Amino acid sequence: MRLSHQILSITLILAFFISPPAPADENGAALYAENCAVCHGNQGKGGVGVPLALPDFQYAVSDQFLERTIRRGRPGRVMPAFKNLSETQVRAIVRHIRSWAPGKPIRYPTIKVSGDPLKGRILYKKNCAACHGKNAKGGKGTGVTFSRPRDLPIIAPALNNQGFLYAASDQMIKATLMNGREGTPMVSFLKQGLREQDINDIVSFIRSFEKRAPIHAYREPGHDKLTVAYESPYGMKETIAALKRAIIGENFRIIRIQTLDSGLVKKAQEDHNKIIIYFCNFQLLNTALAVDPRVGLFLPCRITVVKRHGKVMVYALNPKHLSYLFNNDELNKLCDNMSKVYISIIEEATL
Amino acid sequence: MKKFLPFLVLIFSLSVSNPSQADNLLMARTNLNFPEAMLKLQDSIRNHGYTVSRVQRVDIGLTHSGYVTDKYRVVFFGKADLVTRLSNDYPKLIPYLPFKIAIFAEGDDTLIIAANPLQLTDKTYPELKPVMKKVEKDMLEIFQTMRNNEE
Numbered sequence: 000m001r002l003s004h005q006i007l008s009i010t011l012i013l014a015f016f017i018s019p020p021a022p023a024d025e026n027g028a029a030l031y032a033e034n035c036a037v038c039h040g041n042q043g044k045g046g047v048g049v050p051l052a053l054p055d056f057q058y059a060v061s062d063q064f065l066e067r068t069i070r071r072g073r074p075g076r077v078m079p080a081f082k083n084l085s086e087t088q089v090r091a092i093v094r095h096i097r098s099w100a101p102g103k104p105i106r107y108p109t110i111k112v113s114g115d116p117l118k119g120r121i122l123y124k125k126n127c128a129a130c131h132g133k134n135a136k137g138g139k140g141t142g143v144t145f146s147r148p149r150d151l152p153i154i155a156p157a158l159n160n161q162g163f164l165y166a167a168s169d170q171m172i173k174a175t176l177m178n179g180r181e182g183t184p185m186v187s188f189l190k191q192g193l194r195e196q197d198i199n200d201i202v203s204f205i206r207s208f209e210k211r212a213p214i215h216a217y218r219e220p221g222h223d224k225l226t227v228a229y230e231s232p233y234g235m236k237e238t239i240a241a242l243k244r245a246i247i248g249e250n251f252r253i254i255r256i257q258t259l260d261s262g263l264v265k266k267a268q269e270d271h272n273k274i275i276i277y278f279c280n281f282q283l284l285n286t287a288l289a290v291d292p293r294v295g296l297f298l299p300c301r302i303t304v305v306k307r308h309g310k311v312m313v314y315a316l317n318p319k320h321l322s323y324l325f326n327n328d329e330l331n332k333l334c335d336n337m338s339k340v341y342i343s344i345i346e347e348a349t350l
Numbered sequence: 000m001k002k003f004l005p006f007l008v009l010i011f012s013l014s015v016s017n018p019s020q021a022d023n024l025l026m027a028r029t030n031l032n033f034p035e036a037m038l039k040l041q042d043s044i045r046n047h048g049y050t051v052s053r054v055q056r057v058d059i060g061l062t063h064s065g066y067v068t069d070k071y072r073v074v075f076f077g078k079a080d081l082v083t084r085l086s087n088d089y090p091k092l093i094p095y096l097p098f099k100i101a102i103f104a105e106g107d108d109t110l111i112i113a114a115n116p117l118q119l120t121d122k123t124y125p126e127l128k129p130v131m132k133k134v135e136k137d138m139l140e141i142f143q144t145m146r147n148n149e150e
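Quick mapping for you: the protein sequence lines, in order, are chains X and E. In this text, residue positions in the first sequence follow numbering that gives the first Met the number 0: the first is 0, and each later residue adds one. In this text, residue positions in the second sequence follow numbering that gives the first Met the number 0: the first is 0, and each later residue adds one.
Looking at chain X on its own, in the form it has when it is part of the complex (with noise of 0.2 angstroms):
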């Protein structure tokens, strides 16, 4: 008794030093290379997502709206919910953040601005919608842009996003419209000549998108099947034949046709009952890297030809399915239409 009473102390005490970890524990700019950088750029001046280092960036944001951002992300807008993040582990990525501009970060009141949301859809129409979009949905193309030409240097956020309404406080949103923000697109709208009951009428009708169903959303990795598979009436070669020509029917071009097991066996020992025909569209190509360049992970097309327990299969992957890994709208329209590309390729070959 008296030992395990002992035990049982050590555990307490090592408990209360070792857990919870200590917030200096956490390595912020590790964490940040690891989940950040691919987009916001090593040092915080974009790339795919908007940049985080400018300084009127930093001084118009609060820790809270940052630790929202990264809790919650934008819904359908590229930037991901990070939920796996420990509360350590996100305070210690905003602290790495926060080395970009010295000074306190802002806290903004949780004092609600009143306005009149109907004056304010009118000025939003005249004075914002140009950048960020009908009904605040966002410039076309969300940041990512990778090495492409945009409009803008910087694309405008969605400000209808659930996202960002959770992040944003009315008093930060007024803040960014009174005092714009230096090295970007966005400007001061009070140096524009809008008076600060404009501007807080221009708040209260951002605020309203809160109530309205969400245009943006997660997809979840469950919404559609991972593969598309359908059993062919013919033979290996008659199946094959009937694919190519289902594929340049649809306006594709055979790339490759290959074994699966092509470069990891020797060329004797290939399995020819399990072959993969490439094809691409180059104007569907070039679209798709448009609206985001990951999407060329996927690419070029491929339709797989099996010979199983005596059936010729065919196998697609489902872009649909896959749409859910990318979080940006845009893409979501052109994943779910490849797949009826897809489908209907091999509903003709295999009819």
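These are calculated hints, taken from the structure and not from any lab test. Possibly wrong hints are sitting among the right ones.
The calculated DSS-like cross-link candidates involving lysine-lysine, where the alpha carbons are at most 30 angstroms apart (straight line), are [claimed, not checked]:
1) E:K133 x X:K339
2) X:K82 x X:K136
3) X:K224 x E:K99
4) E:K99 x X:K266
Rough simulated footprint, nothing fancy, chain E against chain X, three-plus residues with beta-carbon under 8 angstroms [said to hold, decoys possible]:
5) 29–43
6) 120–128
7) 258–266
8) 318–324
These numbers come from a predicted model, not from an experiment. Ideal placement from N, C-alpha and C gives every residue a C-beta, glycine not left out.
Position chain E relative to chain X; hints supplied.
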């Protein structure tokens, strides 16, 4: 008192363990230029016991449509016996085999992207999970190697 001890030890170990980010899409940025990053990626894939089966161009015509880069490839890799076994036993996985990582230039940096192999598993085949866990572990290490540029 003795009854509580294992419980406390459990709580203790849970609170120290570091939640890993099981992201669906693996992504990394390296400040190596494209040719250097490509070499390093292939080395790292081989060091993990895989064969690079093919490097596929994706950027045909990219420069004509306004991209500054024409450096875009998909690197396919696998292990012969693993790919054969998975494609025989789990036909649903066939379109996703061999495994792949996309690599492309962004300015002076290079980005790499892959789908987490765990997304290929579901409840129907619980025995598949440990296999994909291992591939995931290898891929996470490959991505981490690409992030660390000091050598």
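Results for each hint:
With a C-alpha separation of about 33 angstroms, the suggested pairing of K133 (chain E) with K339 (chain X) is violated against the 30 angstroms cut-off. For the hint linking K82 (chain X) to K136 (chain X), the alpha-carbon distance of about 24 angstroms falls within 30 angstroms, and the restraint holds. The suggested pairing of K224 (chain X) with K99 (chain E) holds, with an alpha-carbon distance near 20 angstroms, which does not exceed 30 angstroms. Note on K99 (chain E) and K266 (chain X): the hinted pairing holds, with a Cα-Cα distance of about 21 angstroms set against a maximum of 30 angstroms.
Taking a C-beta to C-beta cut-off of 8 angstroms, the stretch 29–43 of chain X contributes 8 residues in contact with chain E, enough for the three needed, and the coverage statement holds. A count of 0 residues in the stretch 120–128 of chain X with a Cβ less than 8 angstroms from any Cβ of chain E is obtained; the coverage claim is therefore unmet, three being the minimum. Coverage of a stretch by a chain is defined here by at least three residues with a beta carbon nearer than 8 angstroms to that chain's beta carbons; for the stretch 258–266 of chain X and chain E the count is 6, and the condition holds. Taking a C-beta to C-beta cut-off of 8 angstroms, the stretch 318–324 of chain X contributes 3 residues in contact with chain E, enough for the three needed, and the coverage statement holds.
In this structure, the hints that do not hold are numbers 1, 6, in rising order.
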